[in-house]
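Peer 1: Model the full structure from these sequences, guided by the hints.
Quick note, the sequences are listed as chains B and Y, same order.
The opening position of the first sequence corresponds to residue 1 in the numbering used here, with each subsequent residue numbered one higher.
The opening position of the second sequence corresponds to residue 350 in the numbering used here, with each subsequent residue numbered one higher.
Source of the hints: derived by calculation from the structure; they are not laboratory data.
Note that this is a predicted model, so its numbers are computed, not measured.
The beta-carbon is built from N, C-alpha and C at its ideal position, and this holds for glycine as well.
Treat the hints loosely; a few may be bogus.
Stated by the list, open to error - Here's a subset of chain Y near chain B, in silico, CB distances under 10 Å, partners left out:
#1 T514
#2 L515
#3 P519
#4 T525
#5 P529
#6 I589
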Amino acid sequence: MPRIELNNISKYALSNIDLIVEDKEILALVGPNGAGKSTVLNIIAGLVSYKGEVYFDGKNMDRVPPHKRGIGYLFQDLALFPHLTVAANIAYGLKIQGYGQTVIEKRVNELVDALHIGKLRDRFPNNLSGGEKQRVAIARAVAPFQKILLLDEPTSSLDAQTSKYLRAELSTLLRKLEITAVFVMHDLLGAEEIADRIAIIHKGRIEQVASPTDIFFQPKTAIVNEFIGMPNILNCDVCRILSSGLIEVMCGEMRIVLPYEGTTIKKIAIPPHDIYISDAKPPGPELNRYTGIITEIIPLRSIVRVKVLIGGNTLLAELPMETFVEMNLEKGGEVFAIVKLRRLRYFET
Amino acid sequence: MDNKVTFKRLTITFSVFIFFLYVGLIFSLFYFFKGPLFLDTLLSGRTLFSLRLSLFTASITTVISVFFAIPSAYALSRFNFFGRQIIDTVLELPMIVSPVALGAMILIFFNTPAGGFVQDHGVQFVFTVYGILLAQFITTVGIATRLIKAAMDEIPARYEEVARTLGASPLKAFLTITLPLSKKGIIASSILTWAKALGEFGATITIAGSMAMKTETIPIAIFMRLAGADIEGTAVLVLILIGIGLSVLYGVRLLVDRKSYV
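Peer 2: Pasting the structure below:
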């Protein structure tokens with residue numbers, strides 16, 4: 001299974017990109033639209049010409065055509081062959097590469113079982129739902145024992161629920177196949193669920209390549225910090241395990257209660273849009289609710305960023321302009337803040 | 350709402366007018382239609398020869414035209430290369446130049462040293478069945494290419510990219526993906542090419558002449574009968590041509606209207 005190495009690659013928006021994807025690694029390319037993410041995939045696949053060098057396991061691939069690179073590619077639009085049944089779509093690569101009927105049947109059966117699409121074998125792509133099409137396309141891309149899999153926004157066209165399930169299945173499948181995978185996503189949360197490492201790409205440059213945890217807790221550049229939503233990073237001093245599966249952490253004088261997942265917590269990242277602020281005391285339990293003092297108000301085009309001093313920590317909160325206008329917030333004034341629990345990230349030890 | 354209805358009626362009226370224009374012309378043929386004469390004319394040796402010649406030449410021309418049109422249509426649809434726009438424009442030559450002018454151009458070519466060489470050392474085109482084939486080929490190959498290109502343009506190049514990543518060479522990707530997907534378009538284009546070749550007159554008469562029992566296709570036979578003031582015979586031959594043409598076009602409509610994959 002190969003290690004992919006891109007040396008000094010330039011094409012369209014991309015300028016002088018260097019990137020290494022280790023053997024069997026799952027790397028996510030994340031960045032805004034037009035950053036050049038899909039171009040990186042097309043270069044690895046050899047579908048476009050480029051300046052620079054591409055190596056698989058140290059072997060130069062620049063003159064190797066796409067059909068000899070041993071790559072599976074899941075395109076964003078899936079492009080299932082409309083004139084072939086599900087089984088024939090999956091078998092296509094195997095047939096083209098000259099595998100025998102026994103191998104083909106065995107492999108197709110294996111993949112339709114792994115992706116739960118056995119019942120769809122004889123259907124045509126026109127009669128499949130979005131999620132089913134996605135599964136068939138994944139099976140087709142990996143079927144001919146490809147060593148590398150490229151995935152362009154593999155779950156972007158699906159509803160949130162289907163997308164979540166598929167990400168989990170994809171993650172299991174990729175690890176089971178022991179394949180080197182590079183995928184493009186614009187959603188950082190989704191990427192985090194599958195990838196070993198994330199490369200943040202912006203305007204044709206790679207800003208940072210690191211594990212999801214490092215991206216959140218040690219963003220290297222202002223662009224990465226902005227892209228990950230400029231989270232508030234809080235250092236946790238004391239951890240106390242509570243009954244009922246919860247853990248209490250103290251960040252300065254701020255007490256945060258989180259679900260206990262078997263480890264103590266060293267740092268917490270809270271995205272600004274996950275801090276709700278209000279000029280009136282909100283009803284409900286006191287858990288993860290605080291009072292603070294506004295230290296700065298930064299109005300932007302459609303949002304307003306508000307810095308609030310809570311228990312010795314200055315937190316950045318973000319709220320829509322309309323909400324801000326409806327409330328009576330001013331610098332030095334007291335404000336109520338609620339930290340939304342489900343989107344918190346922890347740096348565990 | 351009222352405006353909508355009025356507009357709808359107006360547009361339908363125009364389409365009905367065009368329909369009656371053609372149907373009226375077809376019905377006027379029956380004014381000169383006499384049952385026994387129809388059979389006599391249809392079964393006469395000369396008509397049967399013309400019919401056979403027309404069907405034979407149109408079929409051969411279609412095979413040759415489509416054989417050339419498929420790869421060129423693919424190139425024009427998929428690749429950016431120097432001169433693509435020029436080739437694309439020249440394909441319309443048979444549509445913008447009258448068939449007689451096309452025939453004249455071919456005839457003039459055979460009067461050049463290069464054309465003379467072909468005639469002397471290759472195939473004799475002038476006043477032969479090969480001339481009919483050449484005239485029909487020249488008038489149809491551009492249109493066939495254009496029609497097949499339109500069918501291939503409908504098929505996203507992405508399918509071929511997927512096939513390439515799955516191990517297919519460019520030729521295999523073309524043969525296993527693009528060709529089957531454009532099959533309906535190719536068949537429809539072939540039938541239209543065939544119908545166009547069957548009705549070809551101007552270029553054919555210019556190159557192959559109008560020799561009875563030699564180069565007399567159905568359209569030429571119609572011209573000959575009309576020139577001889579044989580209105581009844583002309584009406585019969587026109588009806589034969591219309592019968593073949595309309596049934597073929599109806600077949601195309603059935604084929605094209607069927608649900609497409611893409």
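Peer 1: Next step is simple, just say for each hint if it's right about the structure.
Peer 2: A quick look at each hint next to the structure:
Of the supplied interface hints, the one on Y:T514 holds, with its beta-carbon coming within about 4 Å of a beta-carbon of chain B, less than 10 Å. Given the 10 Å rule on beta carbons, the hint for Y:L515 holds: about 3 Å separates it from the nearest Cβ of chain B. About 8 Å separates the beta-carbon of Y:P519 from the nearest beta-carbon of chain B, less than 10 Å, and the hint is met. At a threshold of 10 Å, the smallest CB-CB gap from Y:T525 to chain B is about 7 Å, leaving the interface hint in force.
With 10 Å as the threshold, the beta carbon of Y:P529 comes within range of chain B, its nearest partner Cβ sitting at about 5 Å, so the hint holds. At its closest, the beta carbon of Y:I589 sits 38 Å from a beta carbon of chain B; the interface hint therefore is violated under the 10 Å criterion.
Taken one by one, the earlier hints fail for this structure only at number 6.
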